[in-house]
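Q: Sequence:
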Amino acid sequence: MALAIPVAWRDEHRQGLSGVVEICASDFTNTRLEDASVHDFMALVNKKVGEETPRADVVREVKQLLLHGVRVRSSYRLEYIIPDLMGSSPRLLATMRIRTKGVAMMVFFRTLSRKTATIECTSTDTVGYIKARIEAKEGIPPEDQRLTYAGKQLRGDLPLSFYNIRNESTLHLSARVLGGFTIPPRTFADVSDGSILTAVEFSPDAPEWRWCSQGLNIEGRCLNRNCRAFRRMIIDRKKFEVFNLIRDDNVRCPICKTNVKLITCGLYDCCWRFEGVKANTRVCSSSPWEEARGYVYHRFDADENNGSVEWTSLVITTKPPTEAVAAWLMLSTESVGVSEGDTCSICWSPFGSPVKRLTTTLCGHSFHRACSQKWSASCKHNNTEPSCPICRRTF
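Per full-length UniProt numbering, the sequence shown starts with residue 1, numbered consecutively.
No wet-lab data here; the hints were simulated from the structure. Among the hints, erroneous ones may be present.
Dumping the calculated DSSO-like pairs for lysine-lysine here, alpha-carbon to alpha-carbon at most 30 Å [stated by the list, open to error]: (1) Lys-47 x Lys-137; (2) Lys-137 x Lys-152; (3) Lys-137 x Lys-48; (4) Lys-319 x Lys-238; (5) Lys-48 x Lys-63; (6) Lys-380 x Lys-47; (7) Lys-261 x Lys-278; (8) Lys-380 x Lys-48; (9) Lys-63 x Lys-319; (10) Lys-239 x Lys-257; (11) Lys-238 x Lys-152; (12) Lys-238 x Lys-63; (13) Lys-238 x Lys-261; (14) Lys-115 x Lys-137; (15) Lys-239 x Lys-319; (16) Lys-278 x Lys-238; (17) Lys-63 x Lys-47; (18) Lys-319 x Lys-257; (19) Lys-63 x Lys-239; (20) Lys-261 x Lys-319; (21) Lys-278 x Lys-239; (22) Lys-261 x Lys-239.
Predicted model only: the values in this text are computed from it and were never measured.
Kindly generate the complete structure, drawing on both the sequences and the hints.
A: Listed below in structure tokens is the structure:
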């Protein structure tokens, strides 16, 4: 894993990069870099951004971490989410939540073990902030938390004052607990081999365990003897989630809801990419964004015996086609065809108006001018050549 990880960041609801910070291996004082989670990483980003933008009246904290524009769960291990952090194209973006310092108060929450814990906050803090603090204390990702107060389930984007939560109020937590352990390499379709990617026509007679959705669909074999799909290849519809072969164990038969043996995957009406490390080579491989278009199911034709390899790490990312065209490929270096609603794939926010505030690189892709300048400056500081996040050609 790289000794230094660049992270571009911007304040939420703003267009364009606010800056770039670098997380080094030496910054991980409480855990080894190889054992760090995305949550540990986000805490270091908070610290670095705070050091760069010191203000007495506000605090910046990571709201979400994006990998190629797709949110990653804070519970993931860092080395699993991004097998290879080397390179000079922007992969990670942190969107920052700005907290205004107000009158301090303390709220309590009942943990899963029925103990009571405390969180220091203000009435202007959101429920999402409270969930982030609970994650720091209990290790439960915000997406797996269910918070209630006075019989109401709390929404993450609303401030505590909306629910009349005051000093010494008690919140109740329920959650789905996920166990953590080391998993050996897994056999799965060789998604780096485009020759086994086939187009399968849809059938009106397909059984319900073979129904797919837009985005990513993981296929496996149901081994539950009491299930109608026993020994059949089933589809678990993951849609537009980041899927980690090593880390994700929540792949289930749609009929009996039991875990299945993972074998291959298929894609429908989406754009996708992968990054992974094969066990036999220990070399990271990746793909650019690919399209799975048309009214067909794009399936990697693999089974237990053919078309599969052992992976020590594999991450598959999908997006809707409308969101995946992050930068337009131009026929020339002129800013032709870019509208204010199109997205810069460095900061993952719209170009906005006026769209003339953009730059087009030699490869023909366009970004906010300020984003490309800040990213280039960061790369220059590290003695590397900045490269395009779309095609990886140097600027």
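Q: Holds or violated: Lys-48 with Lys-63, Cα cutoff 30 Å?
A: Roughly 15 Å separates the two Cα atoms, so the pair holds.
Q: Could you grab the alpha-carbon distance between Lys-63 and Lys-239 and see if it respects the 30 Å cut-off?
A: The hint holds at about 22 Å.
Q: For Lys-319 and Lys-257, compute the direct alpha-carbon distance and say whether it is at most 30 Å.
A: holds, 26 Å
Q: For the pair we were handed, Lys-47 and Lys-137, check the Cα-Cα distance against 30 Å.
A: Distance ~18 Å between Lys-47 and Lys-137 Cα, so the pair holds.
Q: Under the criterion that the straight-line Cα-Cα distance not exceed 30 Å, is the pair Lys-63, Lys-47 satisfied?
A: Holds, at about 14 Å.
Q: With a cut-off of 30 Å on the C-alpha distance, tell me whether Lys-278 and Lys-239 pass.
A: Judged against 30 Å, a Cα distance of about 24 Å means the pair holds.
Q: Below or equal to 30 Å on CA atoms is what counts here, so check Lys-239 against Lys-257.
A: holds, 17 Å
Q: Please verify whether Lys-319 and Lys-238 have alpha carbons no more than 30 Å apart.
A: holds, 11 Å
Q: When you check the alpha-carbon spacing of Lys-380 and Lys-47, does it fall within 30 Å?
A: holds, 23 Å
Q: Taken at face value, is the distance from the CA of Lys-319 to the CA of Lys-63 at most 30 Å?
A: Within the cut-off at roughly 20 Å; holds.
Q: Between Lys-261 and Lys-278, is the straight-line Cα distance small enough, at 30 Å or below?
A: holds, 19 Å
Q: Within 30 Å, alpha carbon to alpha carbon, are Lys-137 and Lys-48?
A: OK: Lys-137 and Lys-48 at ~21 Å, within 30 Å.
In summary, the structure agrees with every hint in the numbered list given earlier.
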